[in-house]
Amino acid sequence: QKEVEQDPGPLSVPEGAIVSLNCTYSNSAFQYFMWYRQYSRKGPELLMYTYSSGNKEDGRFTAQVDKSSKYISLFIRDSQPSDSATYLCAMRPISSGSARQLTFGSGTQLTVLP
Amino acid sequence: DGGITQSPKYLFRKEGQNVTLSCEQNLNHDAMYWYRQDPGQGLRLIYYSQIVNDFQKGDIAEGYSVSREKKESFPLTVTSAQKNPTAFYLCASRTTTDSGNTIYFGEGSWLTVV
Chain A
4 QKEVEQDPGP LSVPEGAIVS LNCTYSNSAF QYFMWYRQYS RKGPELLMYT YSSGNKEDGR
64 FTAQVDKSSK YISLFIRDSQ PSDSATYLCA MRPISSGSAR QLTFGSGTQL TVLP
Chain B
6 DGGITQSPKY LFRKEGQNVT LSCEQNLNHD AMYWYRQDPG QGLRLIYYSQ IVNDFQKGDI
66 AEGYSVSREK KESFPLTVTS AQKNPTAFYL CASRTTTDSG NTIYFGEGSW LTVV
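Chains as they are written, first to last, in the working numbering: chain A, 4 to 117; chain B, 6 to 119.
Hints listed in this document are in silico derivations from the structure and should not be mistaken for laboratory results. Among the hints, a few may not be true.
Said to hold, decoys possible - List time: in silico DSSO-like cross-link candidates among lysine-lysine, alpha-carbon distance up to 30 Å: (1) LYS59(A) with LYS88(B); (2) LYS70(A) with LYS59(A); (3) LYS14(B) with LYS62(B); (4) LYS14(B) with LYS76(B); (5) LYS76(B) with LYS59(A); (6) LYS88(B) with LYS45(A); (7) LYS14(B) with LYS75(B); (8) LYS19(B) with LYS45(A); (9) LYS5(A) with LYS45(A); (10) LYS62(B) with LYS45(A).
Said to hold, decoys possible - Pair ranges (Cβ atoms, derived): (11) SER55(A) with LYS14(B): 35 to 41 Å; (12) THR107(B) with GLY57(A): 39 to 45 Å; (13) ILE65(B) with ARG80(A): 36 to 42 Å; (14) THR107(B) with ASN58(A): 15 to 21 Å; (15) THR117(B) with LYS5(A): 24 to 30 Å; (16) PRO44(B) with SER85(A): 18 to 24 Å; (17) LYS88(B) with PRO96(A): 29 to 35 Å; (18) GLU112(B) with LEU14(A): 21 to 27 Å; (19) GLY21(B) with PRO117(A): 45 to 51 Å; (20) ASP10(A) with ASN31(B): 34 to 40 Å; (21) SER72(B) with GLU18(A): 45 to 51 Å; (22) LYS75(B) with PRO13(A): 26 to 32 Å; (23) GLU48(A) with SER12(B): 29 to 35 Å.
Virtual Cβ for every residue (Gly too), placed ideally from N, Cα, C.
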């Protein structure tokens with residue numbers, strides 16, 4: 004079983020819809036949670052990161068962490084065609100010292116239809 | 006502008022040849038990474054380096070080699086021993102002096118074996 008599971012999609016929604024992207028994980032040591040957006044044939048870019056449980060909002064994006072369920076979500080409100088991309092979750096434990104700490108999900112491909 | 010530069014963007018290799026992918030960063034980051042991305046498998050760590058003249062194997066290091074002679078540079082050589090090298094290769098870097106939550110990616114290099 005992978006440490007981080009992410010539904011690969013593809014997911015298609017109409018413009019203006021609310022999108023929910025999710026990841027589950029098995030390692031209870033994970034404390035930092037990140038979401039990356041990757042456009043086709045480009046490198047991933049960091050969208051948001053959160054520490055421990057709770058919500059964090061940035062514009063149309065909300066990241067949610069439920070550590071008790073080992074479940075994280077990214078919500079996109081008023082989705083736009085420009086949001087069409089692959090979304091990767093990533094996470095790491097709180098302990099420092101090792102540079103390899105990040106564990107990535109496999110990514111969810113999202114298409115927002117105009 | 007600060008960032009990570011990968012070259013070449015597209016590369017074709019004949020079977021049996023070694024090829025080297027370049028990665029340069031001017032972010033003054035200590036840690037650098039090489040990932041491989043295949044459809045449906047997310048990012049898999051090949052090698053990483055936390056400081057100059059030191060590097061560690063990731064999850065799929067077989068058939069690859071790296072060097073870290075300068076802080077700014079972390080080239081990846083795909084050797085003839087790598088049996089399935091056709092993939093999208095991503096270089097990344099991160100500072101290790103703070104919480105280190107932000108890992109920055111280059112634009113990637115597409116390698117195709119012909």
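- prompt: Which hint numbers doesn't this structure obey?
  reply: 1, 5, 12, 22 and 23
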